[in-house]
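*Asks:* Residues per chain, in single letters:
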Amino acid sequence: MNAFLAILRKDLILELRGGRSTTALVSLALLVLVVLTFALERTAGGGPATGAGALWIALVFAGMLGATRVMVAEQENGCLRALLLSPVDRAILYAAKLTASATFMIAAAVAATIMAMLFFNLEFSDSLATLGIALILGALGFSALATLLAAISIRARGGELLLPLLIVPIFVPALIAGVKVSAAALSGAPLAAAREWVGILVAFDVLFIAAGYLLFEHVVGEE
Amino acid sequence: MNRRLYGALGLSALTAMLVALYMVFVWVPTEADQGIVQRIFYFHVPCAWVAFASFGLVAIAGIFYLWMGTQIWDDLGYAAVEIGMLFCTLVLITGSLWAKPIWGTWWTWDSRLTTTFVLWLMYGGYLMLRTIADDTEQIARFAAVIGIVAALDVPVVIVSVRLWRTIHPAVLVTRQGGHGLEDPRMVVTLLVSLAAFTLLFAWLLLLRFSELRMRTRLATLARDIALARFRAGAA
Amino acid sequence: MAAPVIETHALGKTFGLTPVLQDTEFRLSPGRGAIVIGGNGCGKSTLLSIFAGLVAPSQGYALIFGEDTRRFGPRYRRRIGMMSHQSFLYPNLTARENLELYARLYEVSAPREVAESWLARLGLADSADDRVRTFSRGMEQRLAAARAMIHGPSLLLLDEPFTGLDFDGAARVRTLIKSALDEGCSIVATAHTPFAVEGIEFELYEIVRGQVVPYQEEDAPRRGRLRSLLRPRPS
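Protein chains in written order, with the numbering used here: chain H, 1 to 223; chain W, 1001 to 1235; chain P, 2001 to 2235.
Treat the hints with care, as some may be off.
[Said to hold, decoys possible] Chain P regions said to be covered by chain H (calculated; three or more residues, Cβ under 8 Å):
hint : region
1    : 2040 to 2054
2    : 2077 to 2083
3    : 2086 to 2094
4    : 2104 to 2118
Honestly, the hints are just simulated from the structure, not real lab data. Yeah, the Cβ is synthetic: ideal placement off N, Cα and C, and Gly gets one too.
For reference, chain H alone in the conformation it holds in the complex:
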């Protein structure tokens, strides 16, 4: 626990001191939303569904490019090596990195939501909490995958291309579920209406956080 908190705290402090993970995520999300605004035909009454879709598109693309920064940044000064040298359990390292990455994605999601609401004329309704749940669960699931697969970004040739290629199809169930819950929330439906979708998101997160926890040690080592 001590090690987990120490590493997490370190990542959060570094982010506040100019880590640029969150900045990268937010900027990318903003860019995608801008592109979508100009590229999509706005259908009348399609607001919540389009807005939810746009929001998740922005987050997925931002995440593809930005969510692995927590691992990539460790390479400066060989710090990843130092972490692997230390007695820290690789699974604990994974848990800490996952939490940090998810935190940054959630922060970016908040910013992206505000922007999406502005760009797509969405309503701030009572179901904002439901929207929040969807985004948090989605960010957790995405980070779980991204942190595990980040090793590929770092150590494989063509890693920057391969990571998005792999994450997107694997993330599909969470994407579908996340958009469904978000659309429901934005049209004012209560949490219960999107119950099944939330269940899928939860199952997804549990499954891949567990998988990452068990498999991380096999991908994070050196040659």
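Got chain H; can you put chains W and P on it based on the hints?
*Replies:* Quick look at chains W and P alone, frame taken from chain H:
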């Protein structure tokens, strides 16, 4: 690999396939609703079964590779992905060929086709990794992890896509999918076709697997030679 | 005789088709210092990486404190400290934060106090709360040393500790090595050329054709040295 096994497997696959072809095109009665086109079903479903079984094999090979560390499991997993992708592509193609006359479009986002497509993307990514990146033990470990993660994702994809599709009835009609086959001859044909495709899969897998084993042996040999030269003081 | 700290058995490492180490035998007794000499790419960094449990050997094995490096658990990692040309320091954290982090990771009791004492010991107390990004090379190096030793390792692995240092920096490293050895730590250092520390008798080795052999004092350049090894020695 054992030539006899090769031959026996190949021969039985060929025989079974010929029987299946006869049954599909001649013996089995035409289905009432969809007409002749429905016969694609007897190819479409076995391909899907083979693809799914193959990807399950990839995950198992991946687990064993991470556990035991012996190259044979990686070779098995790699072969299984390649053959699985072949049949997965066939599922999508046959699905498309089936969709056009029935629904008038070349592609439909019905739950089963969508799931297969997502699978196709996942394992396509696996193949890209192995193609682009270097051929090292570390990449093999990555591949094993991806195979496991992808297999874990399959049930979630199935459930979520099915739920997704029930809300968009649009183009869709619930397909037979193995249930509601009125004539027992249809069931028999399906089973025979299933057996034929499984044998074909096994034969192709064996083929590719032995190829990869040979490649591994060559690589080991090359390494040994490099080591020997190194020891002797050559460059 | 006390059990060796490091003991290798037919250790070998090949990267792809390039062998770097082969049939390497190396032994280090507790409390001793060893220097492994070699040029770039000769494998000395790889050797240290294997000892640190970061890289798995391709052939053979290495035992550190009696434990196979491939099966290294936290208990053994806690007893090893390493310094390399990379500082292992987070530039945006302060000196104190860096030390406290690693102290916590190595389960040092009273991490804050221990970090404090090391900062004082290495003359960094005044810059304790400055970010490492602002440090001079000498200060960074002192901090890297503190990081490597903060958990009281029994084995220190130093990868080219004198490279890129000025006179003062080199003096500091010498002091560090001496005090570590005085405290019973064992040391393996790598270098391009042999170095001396007052009062310490090092075991000198070099890497020739992937093997660790006793160092031969020669004035001839590397290639010449190899040839002279093959030439019969004048009686």
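*Asks:* For a quick check of understanding: which of the numbered hints are violated here, in increasing order?
*Replies:* Structure breaks no hint.
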